[in-house]
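*Asks:* Read top to bottom, the protein sequences are chains A and B.
The first sequence maps to residues 1 to 267 in my numbering.
The second sequence maps to residues 268 to 478 in my numbering.
If you're looking for bench data, these hints aren't it; they were derived computationally from the structure.
Possibly wrong hints are sitting among the right ones.
Claimed, not checked - Below, simulated DSS-like cross-link-like pairs (lysine-lysine); rule was C-alpha separation at most 30 Å, straight line:
#1 LYS438(B) <-> LYS471(B)
#2 LYS89(A) <-> LYS415(B)
#3 LYS207(A) <-> LYS101(A)
#4 LYS471(B) <-> LYS77(A)
#5 LYS3(A) <-> LYS89(A)
#6 LYS3(A) <-> LYS101(A)
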Amino acid sequence: MGKAEPFLEVLISSLNEDYRFPIFEIFAFLYTVGTFVLANLASIIGQFIKSEEAVAFTLAYSLAGLPAFIFVILILKNIAYGLGNDLEKGIMQTLLSYPLKRRSVLTAKLLSSLGVALLLFLGIQVFALFLLAPDIVFPYMGTVLLTYLALLSYPLLTAGLVLALTSFLKRGSIALIAGIVLYFASNILSSLSQFIARAIDSNLPLKASAIIDPTLSLQLHYGANIQLAELWTPSFTETLSYIGASYVLVIFVFMLGYLYFERKMEI
Amino acid sequence: MKPRWINLLGRIGSILLVIGLALALVSRIPLSVSRVTSTNRFILGPEKYSLYISPNYTGVYSPQMGLRISVTTNNSLQLYLLSAHPLRFTGWAKTWIAENFPNLNEAQISMGLNNASVLEALVQAHSTDVLLNEEVKGNFSTTYFPQKITNATIVVSNPSLIPVDVNVEVKGLFTVVPRERVVTPAITLIVSGIVLVLPWTIGKGRDYFRS
């Protein structure tokens with residue numbers, strides 16, 4: 001028996017657990033309705049005069065608002081509740097009895113909890129973009145992709161932290177609450193950094209905040225935040241580097257979770 | 268035990284079905300009409316045209332944001348909807364006059380800006396920017412949603428030799444999704460969803476009755 005078969009077994013078992021009927025269907029419905037109802041092309045009209053790239057950014061950004069929150073709820077439920085439940089109820093012991101390394105078991109779990117949720121989120125978003133504004137999406141595909149990269153950075157960071165916390169506590173409930181608090185904390189952090197930046201007339205707080213949530217640097221690059229434009233208008237390369245830095249942070253947090261799960265965790 | 272692929276296809280089908288139903292539901296949300304009506308009544312001189320400022324201030328429209336234009340007139344008029352900002356259109360007109368009548372000074376160019384013949388020439392030169400071109404007499408009303416995000420300027424032109432009394436009313440229209448774009452994907456998703464979900468549902472039903 002190769003390694004692919006047990007990996008698939010763990011993946012299927014995780015998929016069954018994470019997306020029991022009709023959980024996935026309910027989330028798909030919420031994603032779709034949320035995406036279309038909030039797709040307010042009128043909101044981007046102010047951007048129209050600036051540049052078409054800015055329009056593409058604002059469109060993708062406005063489309064992802066509520067669905068991104070639903071996505072976070074789904075992945076936090078899957079990671080904290082799903083993985084936490086497996087650890088609490090001893091299901092993880094059964095999964096670890098497969099001829100697989102611990103990291104492969106965790107990868108299968110994450111593929112199910114994060115990968116499938118991400119696929120649904122991006123699938124519906126891209127579908128909506130092509131349906132609503134193909135004339136903007138086609139020529140500025142790079143901008144749209146960059147927007148989603150930036151948008152997903154903080155939810156993925158939260159997911160990584162929740163993974164590490166769930167593995168450490170071996171319980172999902174606290175990690176789930178911590179994850180939700182962390183997600184909302186990003187808004188508080190962003191507002192706080194903007195307030196401090198204005199108060200001390202420096203762009204340093206904005207730059208620090210952009211490493212954690214790089215959508216701020218994209219917003220400022222495309223001129224979507226007029227109030228802060230005087231303080232900081234990052235160049236394209238600068239914006240890319242902030243997105244890169246945020247993903248380095250995401251990878252680091254996931255690596256910590258993997259390392260703890262593989263080496264330190266006692267099951 | 269049912270083959271796993273029936274389960275997998277069934278779940279994919281149920282998701283496609285749900286997305287299709289959500290799309291169908293969203294497409295049934297009725298149009299909302301702006302409460303603000305922009306009305307303008309004026310006398311349009313012979314062989315003159317007039318640009319009409321749109322009610323949403325920016326003059327930008329999209330597949331979600333359209334216009335309802337109602338025109339009442341006592342004589343024949345030509346109604347255009349152009350995908351250009353009024354300032355851009357005026358720029359075209361100035362350039363066209365300057366190129367075709369190089370001897371005219373600034374003041375003479377400004378005086379000729381509102382001539383219907385200039386409009387006709389520009390409409391022919393920028394035919395791709397003409398979104399709507401209708402001959403109007405008496406009462407006329409039309410609804411327009413652009414296919415893409417675009418500027419929209421309403422132009423009424425009086426090609427006749429007598430002055431015309433014109434009343435233009437414009438209302439903004441809003442829709443959640445452009446219905447004509449959503450119907451086909453929604454039907455496709457619902458049909459393919461049902462096809463995929465059927466074997467799974469039949470299997471589930473059998474299991475239920477057996478137990």
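*Asks:* Hints the structure violates: just list their numbers, smallest first.
*Replies:* 1, 2, 3
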